[in-house]
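Going line by line, the protein sequences match chains A and B.
All the letters of the first sequence, read from the start, carry residue numbers 1 to 115 under this note's numbering.
All the letters of the second sequence, read from the start, carry residue numbers 116 to 233 under this note's numbering.
Honestly, the hints are just simulated from the structure, not real lab data.
Treat each hint with caution, since some may be false.
List of simulated lysine-lysine pairs, DSBU-like, C-alpha gap at most 30 Å [what the hints assert, rightly or not]: (1) B:K152 x A:K38; (2) A:K38 x B:K120; (3) B:K186 x A:K17; (4) A:K44 x B:K171; (5) A:K44 x B:K152; (6) A:K17 x B:K171; (7) B:K120 x B:K183; (8) A:K44 x B:K186.
The primary structure of each chain is shown beneath.
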Amino acid sequence: DAMVIQNPRYQVTQFGKPVTLSCSQTLNHNVMYWYQQKSSQAPKLLFHYYDKDFNNEADTPDNFQSRRPNTSFCFLDIRSPGLGDAAMYLCATSRGFARGDDEQYFGPGTRLTVT
Amino acid sequence: DQQVKQNSPSLSVQEGRISILNCDYTNSMFDYFLWYKKYPAEGPTFLISISSIKDKNEDGRFTVFLNKSAKHLSLHIVPSQPGDSAVYFCAAIRVGVRFGTSYGKLTFGQGTILTVHP
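Pulled out of the complex, with its shape left as it was, chain B reads as follows (with noise of 0.2 Å):
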């Protein structure tokens, strides 16, 4: 059963443009979820989070939308740059008073390639 879910297995646009990446999730437990960056030969590096009583967070370049009732995420890009062309992957987690067998730990999407062209 896969809890967070990423359909498109990749996008491109060209540079300059926005890039919006999709994720879906099950679990309505989940209270934060964050995306990762990932390049060729590196590991998924932390690039933003949003809380789930959040709809909106903003970081520069890169915007988080979550829609609790839909129980779906976005990231937004804008402007891509050529440098971004990487492996972007959703990941959501529970948090809680220690770290244990519920708490603490990501699920992650399959993750979604994106391409900026120059």
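The following block holds chain A by itself, in its conformation from the complex (with noise of 0.2 Å):
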């Protein structure tokens, strides 16, 4: 079945060390988004590739970067996760077409827990 996949599904990092969460599509999509939800609050975009072309939401902090070397594949990467970063970061994916009925498809999250 086509699907969103991320690895891993539980991250444990100590404090000011670097950490890569990963996320895979068979869907083809042109758009992943890397989201980042904390207890009881809604998912915040935190930036998004067209393609290659790389889009950042205004308040994305620094210590946050992304690669997506291929269609498939994205990565997030925290620079020096601080205890504030501790929450669940969700990949999805979408066609691109800017229109309601391009339905975003969602990973099942990665749990990061900061020491």
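Using the supplied hints, reconstruct the complex from the two chains, each of which is provided in its own coordinate frame.
Right, here's the structure in full:
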């Protein structure tokens, strides 16, 4: 089945130790998104790639970076994780038609813990 | 500035009764409104949507109502089933000719936890 896969599902890192989360898709979608979701809060868009074009949200901290080496894979790098970065990180994809029926498909998320 | 708000963190209903989940928004530029459903340990999945030019969209047991003047939408589930127990996110989107800075991206509410008791 076509899907969005995130690895690992649970990640524990130490304060200040770089960490990378990965996302892959078999949907061949143009757009890949990274969201951060903290407990009882709305998923917050960090950035997205439209093909190879990177688009950062204005309020995304510089500590967060992303790479998309090919259509299928997208990585979220947190250069120096702080305790406030502990959250669920969701990857999503869409065709990128900017239409109301352009559904986003989400992965199961990676739960990041910072110790 | 939270543009999409779900003011009820949780809702509990009896099986067979109606569930009504509410959502308010502030940005009148939104063109579509969507509901996503999320089970534990899974990502959100699309449930139903409505265009801003409509006031109602129905899909089986799920109906979404939009009141543009009040900037309010609601999701009705009738009849509610235990399998509907999940977190429901309201989301909004601006559509455009080309995917870009303001178009094509979802703005989510905080979610409402729905529990349907047998």
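If you check each hint against the structure, which ones fail?
-> As far as the earlier hints go, 3, 6 are violated by this structure, in ascending order.
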